[in-house]
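Visitor: Next come the chains, spelled out residue by residue.
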Amino acid sequence: GDSVTQMEGPVTLSEEAFLTINCTYTATGYPSLFWYVQYPGEGLQLLLKATKADDKGSNKGFEATYRKETTSFHLEKGSVQVSDSAVYFCALTPYTGTASKLTFGTGTRLQVTL
Amino acid sequence: DVKVTQSSRYLVKRTGEKVFLECVQDMDHENMFWYRQDPGLGLRLIYFSYDVKMKEKGDIPEGYSVSREKKERFSLILESASTNQTSMYLCASSLLGTASYEQYFGPGTRLTVT
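Line by line, the protein sequences are chains A and B. When we follow the numbering used here, the leftmost residue of the first sequence carries the number 1, and every step to the right adds one. When we follow the numbering used here, the leftmost residue of the second sequence carries the number 1, and every step to the right adds one.
If you're looking for bench data, these hints aren't it; they were derived computationally from the structure. Nothing here was measured: the structure is a model prediction, and the numbers come from that model. Just so you know, nobody snuck in bad clues.
With a straight-line cut-off of 20 Å between C-alpha atoms, the simulated PhoX-like cross-links for lysine-lysine are:
id, chain 1, residue 1, chain 2, residue 2
1, B, Lys-71, B, Lys-57
2, A, Lys-101, B, Lys-55
3, B, Lys-53, B, Lys-71
4, A, Lys-77, A, Lys-60
5, B, Lys-57, A, Lys-101
6, A, Lys-101, B, Lys-53
7, B, Lys-70, B, Lys-57
8, B, Lys-55, B, Lys-70
9, A, Lys-56, A, Lys-77
10, A, Lys-68, A, Lys-52
11, A, Lys-101, A, Lys-52
12, B, Lys-71, A, Lys-101
Based on the sequences and whatever the hints tell you, model everything.
Guide: Here it is as structure tokens:
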């Protein structure tokens, strides 16, 4: 079945450091890929998406590129802020159909300090 | 803004009790989902619904049931709560069709079964 593997957390960085959170996937066909973020005490919200190979999703300074050859969708940000502290989930859906079921990774907690 | 609300943020129940978790969305979304979130396991889909009175099992439906009598409301029912159902429960909703991959989440209900 479909699966998503994320790097283990927590990841602790100083403010303005470069961030990479690794995500690889296993899926048949051509899935769409997503990063969701969960801020403390809140539900998940969509951060960015890519629906086909070589697409780059971007939002709020975060970027991720859909790499079919390496089945990866790594999340990057050039300069993190304390407000980026959250749990980040990589996810995929095999198709955008009637009720697209998302398969999530286990989440990576990011802690940014001053 | 899409709002997904859940009836309780925290709930404590005893083993064997019948538990109802309620979810309401205000954006006329067709799809609704129930997940549980556990450390190291990420989010796992329990049930979803793509229309009133329609339901489909997710990856871990055992011990749960659902009800969708109105479009805006999706209830998760634990018929006889057990300690292994202690978890964070997240409700989500999405549109039908090509935009259905973007799910909007509620803040979650942390359920403790003693």
